[in-house]
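K.L.:
Single-letter residue listing:
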Amino acid sequence: MATVTIRNVWKYYNQTPAVKDLNLTCPDGSFVSILGPSGCGKSSTMRMLAGLEHISAGDILFDDVRINDLAPKDRDVAMVFENYALYPHKTVFENIANPLRLRKASEATIKDRVNGAAKLLEISHLLDRRPSELSGGQKQRVAIGRAIVREPKLFLFDEPIAHLDAKLRAHMRGEIKHLQKTLGTTMIYVTHDQLEALSMADYIAVMHDGELQQWGTPSEIFNHPVNAWVAGFVGEPAMNFVTAEIRGGGDGVTLKHANFEIPLLASQVGKLNGAAQAGTARMGVRPDALTISMTRPDGPAITGVIFVNELLGGDMLVEVQLQDVRMRVKTSTDFAGKPGETCWLTVNREKWHVFDAGDGHAYF
Amino acid sequence: MSQTLSLSQTTLDAVDRFRARKVSVEVEARPLSAELPTPTSFNPAARKAYYFYLMAPAIALLAFISLYPFFWLIVMAFQKGDMGAVEWVGFKNFTDLASDGRFLSGWVLLFKYSAMCLFLQVGIGVLLAVIVNGSRYEKFLVTALLMPMMMAPAVAGLLWLFLYNGTFGWYHWIFQSLGILETGSILSSAKTSMYALVLVDVWQWTPLITLIALAGLKRVPRDQMEANMVDGASPARNFFAIVMPNLYPVLLIAVLLRFMDNFRFIDHILVLTGGGPANSTKILPIYLFEVAFKFFDLGRGAAIALVLLVVTIILGKILVGVFDRPTSGGR
Amino acid sequence: MASRDVVHYDTPLQRVLRVLAVIFVVLYLIWTLLPFVIMFVSSFKDLLAAFKLPEVGDWMGIGVFFDFTPTYKHYATLFQENNFGRYIMNSLIAAGGSAVISVIFGSLAAYSLSRVDFRGKSDLFFWIISTRMAPVVAVMVPLFAIFRSLDLVGTLPGLILAYTTFNLPFAIWILKGFFDNVPYGIEEAQMVDGATRFQAFTSILPLVAPGIGAFIVLCVLFAWNDFLFAAIIGSGGAKTLPVATRELVQPQNIQWGAIMAAGVVTTAPMMLLGLVIRKYLVTGLTMGAVKE
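Protein chains in written order, with my numbering: chain F, 124 to 487; chain B, 14 to 344; chain P, 11 to 302.
Hints listed in this document are in silico derivations from the structure and should not be mistaken for laboratory results. Glycine residues also receive a C-beta, built at the ideal position from the N, C-alpha and C atoms. Do not rely on the hints blindly, as some may be mistaken.
[As the list claims (entries may be wrong)] Non-contacting residues of chain P with respect to chain B, defined by C-beta distances greater than 12 Å in every case (computed):
| id | residue |
| --- | --- |
| 1 | A86 |
| 2 | Q90 |
| 3 | N92 |
| 4 | M99 |
| 5 | I103 |
| 6 | I139 |
[To be verified] What the simulated footprint calls covered on chain P by chain B, stretch by stretch (three residues with Cβ under 8 Å from a Cβ of chain B suffice, anywhere in the stretch; the number is not a length):
| id | segment |
| --- | --- |
| 7 | 58-67 |
| 8 | 196-203 |
| 9 | 263-270 |
| 10 | 278-288 |
Generate coordinates for the entire structure from the input sequences, incorporating the hints supplied.
P.N.:
So, in structure tokens, the structure goes:
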């Protein structure tokens, strides 16, 4: 159990920075997910936490103790690797018992703890097998078993379920979350899958290009992205972006585009600071913040032509062609529009975003 | 969130910079293009020393048994005489070599011998590999082919000395019965002795080429062959268009290895002919053996050895270059 | 791959080729195995019987080859008069000693080379590999001079050290290939689990054990079969089997029966070992350049 503080941490591979000036505080007992695409520096961060990589600059603290120079074995962390890293020549029991054996635990303790962990993970019947005889999901459980058997200060999970099939992944998400809540140990979970982060974590750190983009709860990240990149990365189907012109001043500010002109809500006008008053901005709307209709609705709306309809099980995704871009709209399966027909999109202005056209930061 | 930490306020501020406010819809934004500070100080570099400690004993031992002798060799090459009574002679040992007929003919014989061996070994070896590959009896055949390679070359030499014997050798009898040989052993005539050596080398080492070629054949991508066949290629065409390009890199390795082995191993030649008759099989390494360990002219021997080593190192450089090519199956 | 059926569409030409191929393979097999048969059978023949040949051109007379009463006296001579028990021990000690030294030092070095990067690594590598590729006679010239001054000529330690000049670089080169195949993740997991770096290293040794085993056999094979080192560095006190066999050739009296028996004694164990490590043989003999 530990509070993890990452302070001005840099990671260089030769001259290339992989992690740039990272600052994070993971509260004791929390489930923190580091989210980002491959190459964003999230794995380097995790490996620095584990002690497998040198920290080029900055400090990492566990409970106020600087651990930069500690060997992995002295950091009291447990890690689950992306490819499980099980010892192929040892049985499942021995794999799970390994950290205890290395710490010279008594035979009785080992037996007790391994059986306990195995029971928790429902792999008690597999203890005599070898990793090569296990399925992916089972190997994954063994790897987790090896991590939890020792009750460490900190769990590090490096994309542990990335190689499982979709169904099993969904199942394991719930299990891992439950496990963390049961044990109450601080967990740092690295993933590139925004759905995993949103569904499991207490806090998410979104990284891109070695930089921390945003830190917040899943709902903050999802509902109030700090910039266009985070907005685009989080959420599936992805957010629609349309470049539009900002018109007017005072109270009557509108976003103007060839296909629409929509006024901002009164509370939002003030958030556009003066500099952005005249010029272009990027409007961002999630597909579920849009309503599609085949008749012109009352109030401001976006005019477009249906491009294609995709049925997604319980929902329908409609792609609508605007003059320069296509927007995606989530609607119900009974939607009757056909490709080529004109349609209108109403924006839920409580849930839209405007980003700076230049550096992409969010006005709201 | 319970902050029990006694962190400095600047750190907490830095952490706060990226945090969206909880209740408010207002968001503090981090622009993508924002300037970053450069790190102000670096931690001490990661330690690699551990690995060097592990490496040290082997490197030290290797230095003693290969680097040290190598420098000795260079020193010896500039000396004359032996044990106690040495004398510096400068480049004389090397200049002498230029006018040494045995040294020059040693090279010629070495290349002649290697050319014959390699031509036969590659030809027969690849042919065998193509036939054996995928055959029902592949396992048995490969096992049978392995056998000569396991025999000590010196013992192989003795065995063939027996087989070639002019009065009771079975192979001598076969040669005579086939009308290839008149009288007298194949080893006793300067005209035929080289062929006798080539035969032994072919007997012992063709299987290696076969095994290497087989490994190459197993790597030929089946989908490429199938695509080519569907496209209308005949088996022969398929072989030259798909199989050969895949086989070429491993064969290159095989040829280079065997060529270098001809420099390295002379056991069977020492046993069979010792360089004779009439110097007809005195390839360079044999000549070196004779100079250094029969006449104990170590200075001259060192000079020859140095030349031989330099040539091997060049060949080795080529070989390692081939290893490193992605197609060779090396790393 | 082998399990998949290959579809054949035969043309008459292909049928002819196939028959030719079978004939070729059969002839080649005879050519390969005949010397072994002659060696083996002759080692049980009385000298007179061994020298019996049919008339030139009398192909039907081949039968005389099998016309003999088996005798074991050559084997008895080897061990009773020629001290072959001692030479077998010498061979074993020299081959085994150098293999063990090479494996211990070599696996440490190979592991480090596989796990760390530094400037000049490829040069170090080239030096290591070229040591292995050097012509035996050329290496022997300075080695002989050095060993003579250290009084190592004619001793088993000298011979072990001499074999190590070739086996150690070979070990580093081949074992690095095996270590490269072990994912670094396993050691990392060990270290996070609480192992020291050295424990992490020993923990992956079981994974490379088959490779190390095969390599030991290759080292033994090289040293056992060597003649040149043994003849010069080992001459006198550390005579090994090939040298002892060669010494049965004396100007006046070549003991062919004993030579054939010694050939069988020298070759048979290596053949068995060769079969055991069959899988690694090509990799080993091509210095890891070709893998099966």
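K.L.:
Hints first: check each against the structure and report whether it holds.
P.N.:
So, going through the hints one by one against the coordinates:
1. A86: Non-interface label stands for A86 of chain P: nearest chain B Cβ at 20 Å, farther than 12 Å.
2. Q90: With a cut-off of 12 Å, Q90 of chain P remains clear of chain B, as the shortest Cβ separation is near 21 Å.
3. N92: Given a closest Cβ separation of 14 Å, the condition holds.
4. M99: Correct as stated: the minimum Cβ-Cβ distance to chain B is 17 Å, above 12 Å.
5. I103: Consistent with the label, I103 of chain P stays out of reach of chain B, its closest Cβ about 17 Å off (over 12 Å).
6. I139: The assertion about I139 of chain P is violated, with a minimum of 6 Å to chain B.
7. 58-67: Held - the segment 58-67 of chain P has 7 residues with a Cβ nearer than 8 Å to chain B, which meets the minimum of three.
8. 196-203: It is violated, with 0 qualifying residues against the three required.
9. 263-270: It holds, with 3 qualifying residues against the three required.
10. 278-288: holds (count 6)
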